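> Sequence:
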Amino acid sequence: LRFAIQSAKDAGADAKLLKQANKVLKEEEPRHEARVCLADACQAASLDALREALKVAGAVGLGASETKEASSLLEQLEERERLLATVQAALLQSKSVDTTSIDALREAKDHLSAVISEALGAGVPEADVFDAE
1460 LRFAIQSAKD AGADAKLLKQ ANKVLKEEEP RHEARVCLAD ACQAASLDAL REALKVAGAV
1520 GLGASETKEA SSLLEQLEER ERLLATVQAA LLQSKSVDTT SIDALREAKD HLSAVISEAL
1580 GAGVPEADVF DAE
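Here the sequence shown is numbered in the working numbering, starting from 1460 and rising by one per residue.
Be a bit skeptical, because a hint or two may be false.
To be verified - Here are the computed lysine-lysine pairs in the PhoX-like style, where the Cα-Cα straight-line distance is at most 20 Å:
#1 K1475 x K1485
#2 K1554 x K1568
#3 K1468 x K1485
#4 K1527 x K1514
#5 K1468 x K1478
#6 K1482 x K1468
No wet-lab data here; the hints were simulated from the structure.
Keep in mind that this is a model prediction, so the values were computed, not measured.
Model the full assembly from the supplied sequences, consistent with the hints where possible.
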């Protein structure tokens, strides 16, 4: 668009038309940058990058249809983070179980197995839950 505006200016286009084109450019350039930022954040799959990209997208007025993929990915990554914390908490809790009680040991094992399965099912990398297994 910038090149088209310059070409129109060089060709002697109407000043009103050029002013209108520059206005569109000023509105669309930040949106374009936000779209690029969203795409990069989705590619990186980073919580911080996704949060920042969605913040920028909201500030420039991108609609839900344009932020849907990043929002969905952010939700998935936040869920994985939450489930990993649940696994770590269950692991910590299992270390303090009464080792003289078979029922307590079985209950701790079952609970730990359940949270590990849930985490793996949500896409938490197996390497991240390796200590708990």
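> All the hints need checking, so say for each whether the structure fits it.
Against the structure, the hints come out as follows:
1. Taking the CA atoms of K1475 and K1485, the gap is about 15 Å. The hint holds against a cut of 20 Å.
2. Simply put, K1554 and K1568 have alpha-carbon atoms about 11 Å apart, close enough for the 20 Å limit, and the pair holds.
3. Using a Cα cut-off of 20 Å, the hinted pair K1468 and K1485 holds, with the two alpha carbons roughly 17 Å apart.
4. Only pairs whose Cα atoms come within 20 Å are accepted, and K1527 paired with K1514 is accepted, the gap being roughly 13 Å.
5. Restraint check: the Cα-Cα separation between K1468 and K1478 comes to about 10 Å, which is no more than 20 Å; the hinted pair holds.
6. Between the alpha carbons of K1482 and K1468 the distance comes to roughly 14 Å, so the proposed pair stays at or under 20 Å and holds.
Going through the hint list in order, the structure satisfies each hint without exception.
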